Amino acid sequence: MTAVLATAGRGQAAPAAKEGLTLAALRAAGGEPVVRAGLAAILIGGLVGSTISLLAPLELHAAGFSEASIGLTFSGAALIFIVASAATVRLGERVINVRSVLAGGLAFALTLTPATLSGAALAIIAVICASAPLRALLFTAAYPLGAAHGTSVGAAIGMLNGAWALTSVVGPLCGGALAEAIGARGAYGCLQALSLAVVGALWLRLRRDVAVRGRPALTRSG
Amino acid sequence: MRRLSLSLYLLIALAELLHWAIVPLIPEYAERFSLSDFAAGALVASTGLATLVISVPAGLLADRLPARRLTLLAGATMATAAFAQALAPSYAVLLAARLVFGLGFGIVWTAGLAWLSEATSTDRPPPALGATVTSAGVGIVVAPGFAGSWRLNWGWLRRSRSPASRPWR
Chain W
3 MTAVLATAGR GQAAPAAKEG LTLAALRAAG GEPVVRAGLA AILIGGLVGS TISLLAPLEL
63 HAAGFSEASI GLTFSGAALI FIVASAATVR LGERVINVRS VLAGGLAFAL TLTPATLSGA
123 ALAIIAVICA SAPLRALLFT AAYPLGAAHG TSVGAAIGML NGAWALTSVV GPLCGGALAE
183 AIGARGAYGC LQALSLAVVG ALWLRLRRDV AVRGRPALTR SG
Chain D
11 MRRLSLSLYL LIALAELLHW AIVPLIPEYA ERFSLSDFAA GALVASTGLA TLVISVPAGL
71 LADRLPARRL TLLAGATMAT AAFAQALAPS YAVLLAARLV FGLGFGIVWT AGLAWLSEAT
131 STDRPPPALG ATVTSAGVGI VVAPGFAGSW RLNWGWLRRS RSPASRPWR
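Chain order of the listed sequences is W and D.
Numbering-wise, this note's numbering comes out as the position in the first sequence, counting from 1, plus 2.
Numbering-wise, this note's numbering comes out as the position in the second sequence, counting from 1, plus 10.
Derived from the structure by calculation, the hints contain no laboratory data.
Just so you know, not all the hints are guaranteed correct.
Said to hold, decoys possible - Here chain D is said to cover these stretches of chain W; the calculated rule only asks that three of the stretch's residues, wherever they fall, bring their Cβ under 8 Å from a Cβ of chain D:
(1) 72-83
(2) 94-102
(3) 137-143
(4) 167-178
These numbers come from a predicted model, not from an experiment.
Ideal placement from N, C-alpha and C gives every residue a C-beta, glycine not left out.
Taking the hints into account, I'd like the entire structure generated from these sequences.
See below:
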């Protein structure tokens with residue numbers, strides 16, 4: 003695969019070396035509204051997704067579900083994820099924008115409600131399946147939004163990937179600790195509150211940005 | 011452009027496949043190297059940790075150096091680490107291979123996407139970047155079944171239990 007890639011894109015010009023290799027580049031990328039929206043999408047999707055991957059199988063197992071049926075449930079959710087992600091790419095800028103991240107993040111937080119209110123297996127399955135398409139929207143939109151920042155695309159994408167990796171490590175650890183301390187429903191409630199807080203903070207920050215420098219531009223030159 | 015996109019999507023799908031293929035193999039590794047739950051968990055977490063460490067530096071490097079070169083290097087690193095995992099005679103080698111794989115994985119996800127972004131000539135955020143998530147999803151779905159079937163039908167590349175293997179607690 004690498005050998006095939008080596009022959010692809012040869013005509014692409016190498017990027018010119020840019021100023022501000024380290025902190026300045028990260029600060030510049032992180033200061034862009036579109037990159038912040040991408041980061042929020044990854045944080046919400048990564049934290050909630052990785053915690054569900056830990057708690058939901060444990061709860062379903064406790065409810066008498068076999069390993070095969072748990073695997074089947076997650077496979078179904080993964081298929082929903084793929085279809086929703088492909089649809090997001092297909093729709094392009096109509097859904098890959100800051101407003102969709104805000105709406106998707108809010109809806110994603112609300113999909114946790116059944117698991118916060120009830121520990122029933124049906125509620126857990128509903129959360130797994132309902133959250134999949136919204137997580138697909140958040141993840142699929144995050145990278146194009148990060149790349150919309152023109153001057154330090156690598157830094158922006160590196161931050162997004164770093165955030166994803168962080169949530170994949172921290173999510174299960176904190177989710178497990180929370181579930182032990184206050185129960186699974188409490189852990190889902192905390193995740194829901196955290197997701198709403200991230201969406202709220204992003205919304206407030208964007209409002210401030212709009213007031214200061216106009217609507218967040220999706221163009222690279224913007 | 012189309013060839014580059016497709017090649018990168020395939021590379022990312024393969025990277026995810028290799029990343030998640032370890033899940034159904036964990037019980038076998040645990041038995042083979044007498045691993046504790048923590049040691050087995052470290053095998054799964056190591057790739058994520060390496061990705062966490064490398065992502066931001068890789069992104070900064072991709073802004074400075076040709077992202078193409080970084081991506082190719084990372085792809086070769088992942089392939090080498092995959093072979094090392096298959097042939098690992100001990101837990102230490104296996105864990106080291108997973109860590110090296112994680113470094114390549116993190117660079118592919120960062121420099122590869124930066125490369126794809128550079129290659130798009132439009133002035134808009136390229137939806138093509140979003141398709142990397144779709145291709146990753148395909149790799150994640152296929153990985154457990156692929157690894158399980160491979161193990162069932164063809165077994166390990168290295169069947170014999172190495173004398174170097176010892177319990178890790």
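Hints, verified against the model:
1. 72-83: holds (count 5)
2. 94-102: holds (count 3)
3. 137-143: holds (count 4)
4. 167-178: Since 4 is at least three, the answer is holds.
The earlier numbered hints are all upheld by this structure, with none contradicted.
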